[in-house]
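Student: So the chains spell out like this:
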Amino acid sequence: MCAGGRPPTAVSGGPPLELGDRVRGILKIAYKLLVNDRGKFTALLVGITFAVFLMIQVTSMFAGMMMKASATVSNTGARIWVMDRAVNNVASSIPLPDYVLDAVRSVPGVRYAVPFFSGGALVRLPDGTYQAVTVIGLDDSSLYGRPMLTQGRIEDIYGENGFIVVADEELPKLGNPKVGTEFELNDHRGVIVGMAKVSASGLFGIPTLYTTLSRAIQYIPSMRYTMSYVLVEPASAATIPRIKGAVERLGYLALTEHEFIDRITTFYKYRTGMGMNILIMTVISFIVGLSISGQTFYTFTLENLDRFGALKAMGAKRLELVSMILFQAGVTAVAGYGLGIGLCALLIALAKLRMPDYASVITFQNLGIAFGMVLVIAGISSYIAVRKVLKIEPFEIFRS
Amino acid sequence: MTDDAIRAQGLSKWFGDGTARKYAVRDVSLSTPFGEMLYIVGPSGSGKTTLLSMISGILRPDEGNVVVEGIDVWNLDDDHIADFRLRTVGFVFQDFHLFPRLSTVENVAVPLILKRRPWDDAIGEARRVLDVVGLADHAELPPGKLSGGEQQRVAIARAIVSAPDLLIFDEPTASLDGDTGRKIVEFVRRDVLTEHRSVLIVTHDSRIFEFADRIVKMEDGRIVSIEKGAHRA
Numbered sequence: 000m001c002a003g004g005r006p007p008t009a010v011s012g013g014p015p016l017e018l019g020d021r022v023r024g025i026l027k028i029a030y031k032l033l034v035n036d037r038g039k040f041t042a043l044l045v046g047i048t049f050a051v052f053l054m055i056q057v058t059s060m061f062a063g064m065m066m067k068a069s070a071t072v073s074n075t076g077a078r079i080w081v082m083d084r085a086v087n088n089v090a091s092s093i094p095l096p097d098y099v100l101d102a103v104r105s106v107p108g109v110r111y112a113v114p115f116f117s118g119g120a121l122v123r124l125p126d127g128t129y130q131a132v133t134v135i136g137l138d139d140s141s142l143y144g145r146p147m148l149t150q151g152r153i154e155d156i157y158g159e160n161g162f163i164v165v166a167d168e169e170l171p172k173l174g175n176p177k178v179g180t181e182f183e184l185n186d187h188r189g190v191i192v193g194m195a196k197v198s199a200s201g202l203f204g205i206p207t208l209y210t211t212l213s214r215a216i217q218y219i220p221s222m223r224y225t226m227s228y229v230l231v232e233p234a235s236a237a238t239i240p241r242i243k244g245a246v247e248r249l250g251y252l253a254l255t256e257h258e259f260i261d262r263i264t265t266f267y268k269y270r271t272g273m274g275m276n277i278l279i280m281t282v283i284s285f286i287v288g289l290s291i292s293g294q295t296f297y298t299f300t301l302e303n304l305d306r307f308g309a310l311k312a313m314g315a316k317r318l319e320l321v322s323m324i325l326f327q328a329g330v331t332a333v334a335g336y337g338l339g340i341g342l343c344a345l346l347i348a349l350a351k352l353r354m355p356d357y358a359s360v361i362t363f364q365n366l367g368i369a370f371g372m373v374l375v376i377a378g379i380s381s382y383i384a385v386r387k388v389l390k391i392e393p394f395e396i397f398r399s
Numbered sequence: 000m001t002d003d004a005i006r007a008q009g010l011s012k013w014f015g016d017g018t019a020r021k022y023a024v025r026d027v028s029l030s031t032p033f034g035e036m037l038y039i040v041g042p043s044g045s046g047k048t049t050l051l052s053m054i055s056g057i058l059r060p061d062e063g064n065v066v067v068e069g070i071d072v073w074n075l076d077d078d079h080i081a082d083f084r085l086r087t088v089g090f091v092f093q094d095f096h097l098f099p100r101l102s103t104v105e106n107v108a109v110p111l112i113l114k115r116r117p118w119d120d121a122i123g124e125a126r127r128v129l130d131v132v133g134l135a136d137h138a139e140l141p142p143g144k145l146s147g148g149e150q151q152r153v154a155i156a157r158a159i160v161s162a163p164d165l166l167i168f169d170e171p172t173a174s175l176d177g178d179t180g181r182k183i184v185e186f187v188r189r190d191v192l193t194e195h196r197s198v199l200i201v202t203h204d205s206r207i208f209e210f211a212d213r214i215v216k217m218e219d220g221r222i223v224s225i226e227k228g229a230h231r232a
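Line by line, the protein sequences give chains A and B.
Numbered according to numbering that gives the first Met the number 0, the first sequence spans residues 0 to 399.
Numbered according to numbering that gives the first Met the number 0, the second sequence spans residues 0 to 232.
If you're looking for bench data, these hints aren't it; they were derived computationally from the structure.
The reader is advised that the hints may include incorrect statements.
Stated by the list, open to error - The list that follows gives simulated cross-link-like pairs (lysine-lysine, BS3-like), each with its CA atoms no further than 30 Å apart:
{"#": "1", "chain 1": "A", "residue 1": "LYS172", "chain 2": "A", "residue 2": "LYS268"}
{"#": "2", "chain 1": "A", "residue 1": "LYS390", "chain 2": "B", "residue 2": "LYS21"}
{"#": "3", "chain 1": "A", "residue 1": "LYS387", "chain 2": "B", "residue 2": "LYS21"}
{"#": "4", "chain 1": "A", "residue 1": "LYS27", "chain 2": "A", "residue 2": "LYS387"}
{"#": "5", "chain 1": "A", "residue 1": "LYS268", "chain 2": "A", "residue 2": "LYS67"}
{"#": "6", "chain 1": "B", "residue 1": "LYS144", "chain 2": "A", "residue 2": "LYS27"}
{"#": "7", "chain 1": "B", "residue 1": "LYS144", "chain 2": "A", "residue 2": "LYS387"}
{"#": "8", "chain 1": "B", "residue 1": "LYS144", "chain 2": "A", "residue 2": "LYS31"}
Claimed, not checked - If you want a taste of the chain B side facing chain A, the calculated C-beta under 10 Å gives, among others:
{"#": "9", "residue": "ASP82"}
{"#": "10", "residue": "VAL88"}
{"#": "11", "residue": "LYS114"}
{"#": "12", "residue": "ARG115"}
{"#": "13", "residue": "TRP118"}
{"#": "14", "residue": "ALA158"}
These numbers were taken from a predicted model, which means no experiment stands behind them.
Positions of the beta carbon are idealized from the N, C-alpha and C atoms, including for glycine.
All chains should be modelled from the sequences, with the hints used to inform the complete structure.
Tutor: Okay, here's the thing in structure tokens:
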């Protein structure tokens, strides 16, 4: 029996070879070469997964802390915040004189403006110990910036010594008070008249109480000026620049909600050392991932180098060989990326079960940064391998 | 199409320049018709593998030309030379160079996949050719589970699966024991060589000379004799 007849020859006949069709089959070969080498594939996945896990974990912790650092801003929901120029985070407010409120109210384009107080106090617990709390004082007439109540009535805040407590993960630190629970705040009597929920808790792990501005400044020792911020509702988005300009001329700073959050983030990022630590950790994660994956992928390519040479001898083109390597690197990168995210999400979920105030949140930005870095790892790893494969001459296969 | 499957004229390949120039192959001319089993023999360093590489479109000669089935191979650009190798030449390497992470049948299907055959078709055809070389039962095994002779037959199956007109064997018995090597070449003579196909074998192994139509003997990069093989005699 004779195998094979007479085929069409290279130039004399046969359909032209379309690269796309050829690449599809060869990618399947590349995939099988990759996943069937279980030891190396596992090592590659572990490298990328570990790198992604570390990168996302670190950046998520930072994102979580920043979210908490801006909690008061995002919970209040004011569109414009007026403050002293030196304020760089919501907790370190500098009291504003009363005329600022009047001046802002007189700016054309301002629909309304209200005072806002944010300060700290000590609550004496039934067992005689003290617990620091954040006290938010809302404008008496409008209660602008109030939280969503889950129990109680908002109008009860006007009652004698009325406070609303935020029922978040910090609540147990106040002994899990309920509506009607009395407590002592800076030697003043207080009573819980409502329970509220907010979208984010504060950074410093202390409970939050809401009350009226007048009660807040009455209970909490303050300087001559008492307003922490002026909250502004513009008539329309178009008036925001004019309002900001007018406030600027007054000698103060007006920021939109997003600008204020950015300012807080910038402060923690660049002026506390936190950002540099995060950056270093992220770079270390990247280097770890690159080292493990690059080394393993290079070894994997070296082991298959003579087979790549054989493919070249058989008629595989450079682009096909390059596409095989890129595909292998891409599959590993995507699989490792997915596993890394899954692992990180699992760990955060488990951590939040044990520690409800665990500050970590996976954002699209974190995912994007990690994906970009994984692509760079895959790119560098495959670049080294591609160079090696392109250099091999089919003739060397004969000589081996 | 010419009567000769291969016509090589004035082939030279050297390394280095000036006084350091060393010829691997020097002014070699050779032709072989379809249906011939041609051996290239000679001591190590005589230039036989270099000659084989130039004929098969792998190594560009410094002088001379190679015409295979009327195509002047070394006048083609790199992509067309790759296509020439893919469509016209089947290679059996000394160390086989099978993919250890692919199954036997997938290894055999590789040339068809390179020729854009759909995966399932390529695997089906590879199974048929594995049957030809007597390894149908081993199709799903990795090559590492096969003996040296079986791996050689897998390499032959891979070389013939796309029905090339020119088959190149580089030391086909070097990795095999004497009896297995002989059986393999006998198989090639009987079942692989056709009247439309030429087989070129580079070998040291005189025990398989009996299957050759002609034997080209090389020394120091030159052809020193062309003898009729035992088969033709």
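Student: Next, verify each hint and record whether it holds.
Tutor: Evaluation of the provided hints:
Proximity of LYS172 (chain A) to LYS268 (chain A) is assessed by CA-CA distance (about 29 Å); at most 30 Å being required, the pair is judged to hold. This hinted pair checks out: LYS390 (chain A) and LYS21 (chain B) have alpha carbons roughly 23 Å apart, not beyond 30 Å. Simply put, LYS387 (chain A) and LYS21 (chain B) have alpha-carbon atoms about 27 Å apart, close enough for the 30 Å limit, and the pair holds. Pair hint LYS27 (chain A) plus LYS387 (chain A) holds up; C-alpha atoms about 21 Å apart against a cutoff of 30 Å.
For the suggested pair LYS268 (chain A) and LYS67 (chain A), the alpha carbons sit about 14 Å apart, so the restraint of at most 30 Å is met. Restraint check for LYS144 (chain B) and LYS27 (chain A): the C-alpha separation of about 22 Å stays at or below 30 Å, so the hint holds. Between LYS144 (chain B) and LYS387 (chain A) the alpha-carbon distance is near 29 Å, which keeps this suggested pair within the 30 Å criterion. The suggested pairing of LYS144 (chain B) with LYS31 (chain A) holds, with an alpha-carbon distance near 18 Å, which does not exceed 30 Å.
For ASP82 (chain B), the interface hint holds, since its Cβ comes within 10 Å of a Cβ in chain A; the closest pair sits about 5 Å apart. Given the 10 Å rule on beta carbons, the hint for VAL88 (chain B) holds: about 8 Å separates it from the nearest Cβ of chain A. The restraint placing LYS114 (chain B) at the interface with chain A holds, with a minimum CB-CB distance near 7 Å, inside the 10 Å limit. Annotation: interface hint on ARG115 (chain B) holds; nearest CB of chain A at approximately 4 Å, less than 10 Å.
With its C-beta approaching chain A no nearer than about 6 Å, TRP118 (chain B) sits inside the 10 Å limit, and its interface hint holds. Interface hint at ALA158 (chain B): satisfied, since its Cβ lies 9 Å from the closest Cβ of chain A, which is below the 10 Å cut-off.
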